[in-house]
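Asker: With chain A fixed as given, assemble chain B with the ligands onto it according to the hints.
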Amino acid sequence: MVSARGLTKRFGSSEAVAGIDFSIRRGEVFGFLGPNGAGKTSTMRMIACMSPASEGTLRVRGLDPSRDGPTIRAGLGVVPQQDTLDMELTVLDNLLVYGRYFDLSRRVVRERAERLLDFAQLSERAGSRVDDLSGGMRRRLTIARALISSPELVILDEPTTGLDPQARHLVWERLYRLRQEGVTLIVTTHYMDEAEQLCDRLVVMDKGTIVGEGSPRELVDKHVSREVLEVRLGEGGHERLAGDVRGRVERVEVLADRVCCYGDNGDEMLALVHGLGYQPENTLVRRGSLEDVFLRLTGRSLVE
Amino acid sequence: MMGRPLWVRALGSWGFRYRRTWRGSVATSFAFPVLYLAALGVGLGGLVNRHLASQPGRPGLTALGGVTYLVFVAPGVLVGSAMQIATSESTFPVMGAIKWQRLYEAMLATPLRTGDVLAGHLCYIASRLALASGAFLAVAAAFGAVHSPEAVVALPVGILTGMAFSTPMVAYAATQETIVGFSVVERLVIVPLFLFSGSFFPIAQLPGALQLVAELTPLYHGVALARACMLGHLVTLSSLGHAGYLLALVAVGAWAASRTYRARLAS
Ligand SMILES: Nc1ncnc2c1ncn2[C@@H]1O[C@H](COP(=O)(O)OP(=O)(O)OP(=O)(O)O)[C@@H](O)[C@H]1O
Ligand SMILES: [Mg+2]
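Protein chains in written order, with our numbering: chain A, 1 to 304; chain B, 1001 to 1267.
Bound-form chain A, shown alone (with noise of 0.2 Å):
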């Protein structure tokens, strides 16, 4: 569906993109994780042909963005990471006035625009205006809005960026419907969980490069251990602790307000800190996650 060889974006000296290689499989959720500033904007905008690469090769469903983006994005769906409803129409007239872009035919396009707003839960506020939904419902139509057109790619810059917790699960349901709908799904995010969630298959992004890559199960097999346990020392000792169990536990980390172990069974991890005589303010044992993948692969958090 989409593929990219040594894909580069510069901004005058510097490379927001620093030529990337991935391949995304048509129907599949591929997700592209990173950091503020990893460079998942620019990667999107450059497959949504809004925005020409400045080196290496990409190809959208067959097709080359610098010669044929309106062909391109006649089949396509754009999420943007901020929105661009038109504030001073109404929900439905948002979703008319963007169909007629597609030049669908006005009866089309409000057919699908019915169907559109019950798919995304709004259909009590078509009439309302924009400027007056909350942000989960403006994050909805702008998804809906990005399904006018029937796109086989539907491209979505942080979808649930700034969404309440219910709000995001609505969305990641709505997503998934679509996933079993068959259409391929790009989804940009910073939230490993929304990753874990949704994507067949990632990358994990940081500096304008591509750090790692797979399912998330095969990103944590590969990268992180199976348990990891987090200290958290009341008043500092870390750097301490760490020193102490280094050795005796497969890898350790140390975070501005924690200490992550990393090995096979979280107890015993914990076990092994007690009986040094730490007192730890709290503990927690889980299962190796995204977080850790990112923070193995780039030495810092996702999330600061």
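In case anyone wonders, no lab produced these hints; they're calculated from the structure.
Only a predicted model underlies this, so the values are computations on that prediction, with no experimental measurement involved.
Mimicking EDC-like on lysine to aspartate or glutamate, the simulated pairs with C-alpha atoms at most 20 Å apart in a straight line are:
| no. | chain 1 | residue 1 | chain 2 | residue 2 |
| --- | --- | --- | --- | --- |
| 1 | A | K207 | A | E55 |
| 2 | B | K1099 | A | E88 |
| 3 | A | K207 | A | D21 |
| 4 | A | K222 | A | D264 |
| 5 | B | K1099 | A | D83 |
| 6 | A | K222 | A | D200 |
| 7 | B | K1099 | A | D131 |
| 8 | A | K222 | A | E196 |
| 9 | A | K222 | A | D193 |
Answerer: What follows is chain B with the ligands alone, placed relative to chain A:
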């Protein structure tokens, strides 16, 4: 791509939004010329006509081209207001479409390209100018300021003059981060032009050097052309010169805008 041309789809979306405000806009388009022609053409014009008629040798007939002040001033205000409408439609709405509402970005995520987005917006502005100029002509006719069938050509002249301001302004607006520059342009360019380009008095009244400056401004050429239409001596070589000047400005502005739009929107 099959189907409607892409720029027509962009124009259509402006039309769709206009449906929400068309009543107020149409009312203003008619109210504006009524106010101006009543105050200047009839009110002030009454004094001017009487003064000129009382001069020995009756120079008024030649000073105003042999017509009453109402007939003289009507084409001037027509193109002057076209300039003002074009300028305001080409500044804040452009900034809004780029930064505030991000309408352009929404369009660019669909088959539309930057050139289509630009062309659609310019055509919308031209339509607004057509409405304003048409309304102005109708009101002017009702005031008895139309003396020739050639006056209908003043409608395209209003559009042309407006677009000679619109395309460069749109090009400029697309480079701006704030609206500060817009009021500077309004105060330092638009208002002086409105007052001194021959709309309200013949530029022969200006000191020699300023006359030359006035003749270089686009509004002067628009006023001269519209006046030629309204008075029925359109078919002259100088009309061709005026139209050529304005067309060249439209073209240069459109070329510049296509560059600034691409730089701003497709980076
Ligand atoms: N139009 C632009 N002009 C100049 N620099 C830009 C532009 N857009 C992005 N950048 C820079 O490119 C880098 C990558 O930005 P990008 O928006 O692609 O990251 P991101 O992963 O989407 O981040 P976020 O999570 O904050 O959305 C950043 O350093 C950013 O400052
Ligand atoms: Mg981004």
